[in-house]
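All residue numbers for the sequence shown refer to my numbering, where the first residue is 509 and numbers rise by one.
Misleading hints may appear alongside valid ones.
[Said to hold, decoys possible] Derived CB-CB ranges, DEER-like:
1. F516 / G551: 39 to 47 angstroms
2. V635 / F599: 17 to 25 angstroms
3. S530 / F552: 39 to 47 angstroms
4. E563 / K642: 36 to 44 angstroms
5. I560 / L591: 46 to 54 angstroms
6. L573 / E629: 21 to 29 angstroms
7. E565 / Y525: 50 to 58 angstroms
[Unchecked claim] Derived DSS-like pairs (lysine-lysine); straight-line CA-CA distance at most 27 angstroms:
8. K545 / K590
9. K554 / K568
10. K590 / K653
11. K636 / K616
12. K545 / K562
13. K657 / K642
14. K657 / K636
15. K636 / K660
16. K636 / K652
17. K653 / K636
18. K579 / K660
19. K579 / K590
20. K636 / K590
21. K568 / K579
22. K561 / K545
23. K652 / K639
24. K590 / K568
25. K564 / K590
26. K616 / K660
27. K642 / K653
28. K554 / K564
29. K642 / K660
Since the hints were derived computationally from the structure, they do not count as laboratory data. Beta carbons are placed, not taken as given, at the ideal position from N, Cα and C, and that holds for glycine.
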Amino acid sequence: MDFNNPFFIWLFFVSIYLVVLSGVFLWFFLRLNRLIKDNDKQGFIKIFEDLIKKEKENIKAVESLRQEVRKNSEEGLAHFQKLGLIRFNPFNETGGNNSFSLALLDGKNNGWVMTGLHTRERTRLYVKPIKNLKSEYELSDEEKKALEKAVKTK
Numbered sequence: 509m510d511f512n513n514p515f516f517i518w519l520f521f522v523s524i525y526l527v528v529l530s531g532v533f534l535w536f537f538l539r540l541n542r543l544i545k546d547n548d549k550q551g552f553i554k555i556f557e558d559l560i561k562k563e564k565e566n567i568k569a570v571e572s573l574r575q576e577v578r579k580n581s582e583e584g585l586a587h588f589q590k591l592g593l594i595r596f597n598p599f600n601e602t603g604g605n606n607s608f609s610l611a612l613l614d615g616k617n618n619g620w621v622m623t624g625l626h627t628r629e630r631t632r633l634y635v636k637p638i639k640n641l642k643s644e645y646e647l648s649d650e651e652k653k654a655l656e657k658a659v660k661t662k
């Protein structure tokens, strides 16, 4: 027998090809059997239809979650996120930094500045609205510092 004959060489490669193909088929068959075993003997088509249905439901759920995250991100900009607090002594007759300016801003730099002026007799509170880092009322130096401090916080 001459193994150098082209027929035997061809037969050898075809045999190897068939062994590899049989291994791939066996692997595929075992994976499908595991899939079927967990699905109460349903047919392949029913199993794949269920998988496609679940995938479509998952796509809808993911899109719904994306919209909710987008909505929460937009709503989050309206909540106070930045805070600046400055304590100071506006009058020489009081003993300490008992007065303050507090700036509270949202994600769009809107909010308000509250200033509390403390004297021996009383404490007065003033609130000024802030829109895009500007106020329709003139801001004191301390209020400006509180606003700058708030802008720097994140």
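We went through each hint and held it up to the structure:
no. : hint                            : result
1   : F516 / G551: 39 to 47 angstroms : holds (44 angstroms)
2   : V635 / F599: 17 to 25 angstroms : holds (20 angstroms)
3   : S530 / F552: 39 to 47 angstroms : violated (21 angstroms)
4   : E563 / K642: 36 to 44 angstroms : violated (51 angstroms)
5   : I560 / L591: 46 to 54 angstroms : holds (51 angstroms)
6   : L573 / E629: 21 to 29 angstroms : violated (57 angstroms)
7   : E565 / Y525: 50 to 58 angstroms : violated (42 angstroms)
8   : K545 / K590                     : violated (57 angstroms)
9   : K554 / K568                     : holds (21 angstroms)
10  : K590 / K653                     : holds (13 angstroms)
11  : K636 / K616                     : holds (17 angstroms)
12  : K545 / K562                     : holds (19 angstroms)
13  : K657 / K642                     : holds (14 angstroms)
14  : K657 / K636                     : holds (16 angstroms)
15  : K636 / K660                     : holds (20 angstroms)
16  : K636 / K652                     : holds (12 angstroms)
17  : K653 / K636                     : holds (14 angstroms)
18  : K579 / K660                     : holds (25 angstroms)
19  : K579 / K590                     : holds (20 angstroms)
20  : K636 / K590                     : holds (16 angstroms)
21  : K568 / K579                     : holds (17 angstroms)
22  : K561 / K545                     : holds (19 angstroms)
23  : K652 / K639                     : holds (14 angstroms)
24  : K590 / K568                     : violated (36 angstroms)
25  : K564 / K590                     : violated (41 angstroms)
26  : K616 / K660                     : holds (13 angstroms)
27  : K642 / K653                     : holds (13 angstroms)
28  : K554 / K564                     : holds (15 angstroms)
29  : K642 / K660                     : holds (16 angstroms)
Going down the numbered hints, you'll see the structure goes against 3, 4, 6, 7, 8, 24, 25, while the others check out.
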